[in-house]
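Visitor: Chains A and B, in that order, give the protein sequences.
As numbered in the UniProt record's numbering, residues 1 to 293 make up the first sequence, in order.
As numbered in the UniProt record's numbering, residues 1 to 190 make up the second sequence, in order.
Incorrect hints may appear among the rest.
To be verified - According to the in silico footprint, chain B covers these stretches of chain A (three or more CB under 8 Å from chain B): (1) 143-149; (2) 153-164; (3) 184-195; (4) 219-232; (5) 253-267; (6) 278-285.
Claimed, not checked - If we take Cβ atoms under 10 Å as the criterion, some of the chain A residues that face chain B in the derived model are: (7) LEU98; (8) ALA117; (9) TRP270; (10) VAL272.
Stated by the list, open to error - 27 Å max Cα-Cα, derived BS3-like pairs, lysine-lysine: (11) B:LYS90 - A:LYS166; (12) A:LYS122 - A:LYS199; (13) A:LYS283 - A:LYS257; (14) B:LYS63 - A:LYS146; (15) A:LYS146 - A:LYS166; (16) A:LYS281 - B:LYS73; (17) B:LYS69 - A:LYS281; (18) A:LYS283 - B:LYS63; (19) B:LYS69 - A:LYS122; (20) A:LYS122 - B:LYS73; (21) B:LYS73 - A:LYS195; (22) B:LYS112 - B:LYS73; (23) A:LYS277 - B:LYS57; (24) A:LYS255 - B:LYS73; (25) B:LYS90 - A:LYS146; (26) A:LYS281 - B:LYS145; (27) A:LYS68 - A:LYS51; (28) A:LYS146 - B:LYS182; (29) B:LYS57 - B:LYS97.
I should point out that these hints are in silico values taken from the structure, not numbers from a laboratory.
Small disclaimer: the values here were computed from a predicted structure and weren't measured.
C-beta: ideal position from N, C-alpha, C; glycine also.
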Amino acid sequence: MSMKSGSDWALALLRTLPRVGLMNLPREPFRKHPRTGRGQHGGKLHGGPQKGSYQRMSYPRLGWEPRKVPWYVRVPMENYYKDHHLKRQYPPLSLGTLQLLIDTNRISTDEPIDLTAICNTKLHEVRPQERHYGFHLTVDGIDTFKAKVNIEVQWTSEAVIAAVEKNGGTITTSYYDLHSIYAAKDPIAWFRTGKPIPKRMIPPEDAIEFYTNPKMRGYLADPEKVAEERLVLAQKYGYELPKIEEDPQRDLLLKRKDPRQIFYGLEPGWVVNLRDKCILKPKDEALLQYYSN
Amino acid sequence: MLQNIARKSFKFRPVVCFKNSPQCSILPGCGNTEVCPPHARNYSAYFKSRVEESPDKYTEYEKSFEEWKFVEKLIPPTHVPEPPRDPTLKLPSGWYKANPPKDCSYNIRRTKNHMIPVYCQIMARGDVRFTHIRRVEGNIWQLEKDIGQWLQDRYPLKTMNTRTHEICRQVIIKGDLVDDVKEWVTAQGF
Chain A
1 MSMKSGSDWA
11 LALLRTLPRV
21 GLMNLPREPF
31 RKHPRTGRGQ
41 HGGKLHGGPQ
51 KGSYQRMSYP
61 RLGWEPRKVP
71 WYVRVPMENY
81 YKDHHLKRQY
91 PPLSLGTLQL
101 LIDTNRISTD
111 EPIDLTAICN
121 TKLHEVRPQE
131 RHYGFHLTVD
141 GIDTFKAKVN
151 IEVQWTSEAV
161 IAAVEKNGGT
171 ITTSYYDLHS
181 IYAAKDPIAW
191 FRTGKPIPKR
201 MIPPEDAIEF
211 YTNPKMRGYL
221 ADPEKVAEER
231 LVLAQKYGYE
241 LPKIEEDPQR
251 DLLLKRKDPR
261 QIFYGLEPGW
271 VVNLRDKCIL
281 KPKDEALLQY
291 YSN
Chain B
1 MLQNIARKSF
11 KFRPVVCFKN
21 SPQCSILPGC
31 GNTEVCPPHA
41 RNYSAYFKSR
51 VEESPDKYTE
61 YEKSFEEWKF
71 VEKLIPPTHV
81 PEPPRDPTLK
91 LPSGWYKANP
101 PKDCSYNIRR
111 TKNHMIPVYC
121 QIMARGDVRF
131 THIRRVEGNI
141 WQLEKDIGQW
151 LQDRYPLKTM
161 NTRTHEICRQ
171 VIIKGDLVDD
181 VKEWVTAQGF
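So here's chain A without its partners, still in its complex pose (with noise of 0.2 Å):
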């Protein structure tokens, strides 16, 4: 390759130039510290003063610092706060608001309820981008709570999945990635900008402890061990455990999403097309792997 021109050089010098990452940064350049003084430049005082106990001959005091708060003066910290813009986040859905928006019409028991069903109402949101990783169902209105649903939440507690159980309902854990909540939150804003529906990703190390675990009937747990918890649960509260299998809605009350899945009945790589009201399914192989896995 000829180098004819200054850009020609600067591209090629570009071609060799390592990809930005943690380890080439460099540190910011910012100003040394000014380090105390030792010998005659400076270090017989130690930036304390010059009468005082150094006129005494006594010598300062034990855990003095100079410049500095001692470290026994000190407030202590306690980081209960640290990392909290990092936590995962997951606004409360009362009972009690769940089956006030099923008595006005607002959602429909007819269908599986998930996190775009939520939030489909418009009454109640999740804002990805303060982290929301979806809804958190709560106890408030436990008393009042008859409907039958099969729910799906992000976070629960042991007592709202006995009340879900108690009226004959199914209720699952399951996690959606920030990417996936985006798409989630409002899928048709998703499908009009034209982008594959997105996978659903694994939970995170810590998160998929709670998403595996059949008490708190996790998406990943074993159906069987589910299904046994139910019934634990039930001996628990004391209430008799209505049989889905005899149900006759026992189709919609088994309806479970795919682990990848964000739509029900539509899988991840697919694109929607809003005008033509059809679906365009990807036919190479390396996507079809991709989105399959």
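Starting from the structure of chain A, add chain B where the hints point.
Guide: Only chain B this time, still in chain A's reference frame:
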């Protein structure tokens, strides 16, 4: 030699290119990493450039109309759904269709979401609280008298301060009495 230049240039900071900088020879954004000549760097040329490439650059796909029914379920309703119409229907959540008394000189209308318009206004970090009854129609002073008397009977040791805001059609009560007022409003049937 290039390696040496690379090492020297990375001694301090990585080079950052901005879209406006004249040194930038790579068009940023949208995954477009093609190197463009300088005359293509201005905005008009950038936005006039073709969005779509020729079809042979894309992977194959197939069209399907069967799954559209699943997309239809994801479309949110454009209007607020109609709630149950029967006023005698008792729902577990306590919601009921408004059935105001005929001989009453005032009325409290429901909101567009079919809820009772009673709200708490919090001021001064929670030290000052007011209860607002909004959407009052008719004789607003009669409502103020009725609700004030009922609250006074319920809390005889407290002084109930009520006032009306005729222009905004509100009755304002001092204190956080949302639950009590909602109880009275539901008992009246508004």
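Visitor: Does each hint hold? Answer for all of them.
Guide: Hint by hint, here is what the structure shows:
1. 143-149: It holds, with 4 qualifying residues against the three required.
2. 153-164: With 0 residues in contact (Cβ-Cβ under 8 Å with chain B), the coverage given for the segment 153-164 of chain A is violated.
3. 184-195: holds (count 3)
4. 219-232: Result for this restraint: violated, n = 0.
5. 253-267: This one holds; 4 residues, not fewer than the three required, reach chain B with a Cβ under 8 Å.
6. 278-285: Satisfied; 7 residues make the cut.
7. LEU98: Holds - the Cβ of A:LEU98 comes within 10 Å of chain B, reaching about 9 Å at its closest.
8. ALA117: 9 Å, holds
9. TRP270: Hint on A:TRP270: holds, closest Cβ of chain B at ~8 Å, below 10 Å.
10. VAL272: 6 Å, holds
11. B:LYS90 - A:LYS166: Given that 27 Å is the threshold and the Cα spacing comes to 21 Å, the pair holds.
12. A:LYS122 - A:LYS199: Given pair A:LYS122, A:LYS199 holds - Cα atoms ~25 Å apart, limit 27 Å.
13. A:LYS283 - A:LYS257: At roughly 23 Å apart (the allowed maximum being 27 Å), A:LYS257 and A:LYS283 satisfy the hint.
14. B:LYS63 - A:LYS146: 43 Å, violated
15. A:LYS146 - A:LYS166: 9 Å, holds
16. A:LYS281 - B:LYS73: 19 Å, holds
17. B:LYS69 - A:LYS281: Holds. B:LYS69 to A:LYS281 sits at ~16 Å (cutoff 27 Å).
18. A:LYS283 - B:LYS63: Holds, because 11 Å separates the two Cα atoms, which is no more than 27 Å.
19. B:LYS69 - A:LYS122: It holds: about 22 Å lies between the C-alpha atoms, which stays within 27 Å.
20. A:LYS122 - B:LYS73: Holds, at roughly 15 Å.
21. B:LYS73 - A:LYS195: Since the Cα atoms of B:LYS73 and A:LYS195 sit roughly 19 Å apart, the hinted pair holds (cutoff 27 Å).
22. B:LYS112 - B:LYS73: OK: B:LYS112 and B:LYS73 at ~24 Å, within 27 Å.
23. A:LYS277 - B:LYS57: Roughly 25 Å separates the two Cα atoms, so the pair holds.
24. A:LYS255 - B:LYS73: Within the cut-off at roughly 15 Å; holds.
25. B:LYS90 - A:LYS146: With a Cα-Cα distance of about 12 Å, the restraint between B:LYS90 and A:LYS146 holds, given a limit of 27 Å.
26. A:LYS281 - B:LYS145: 67 Å, violated
27. A:LYS68 - A:LYS51: 19 Å, holds
28. A:LYS146 - B:LYS182: 22 Å, holds
29. B:LYS57 - B:LYS97: Outside the cut-off at roughly 59 Å; violated.
Violation of the numbered hints given earlier is confined to hints 2, 4, 14, 26 and 29; the remaining hints are satisfied by the structure.
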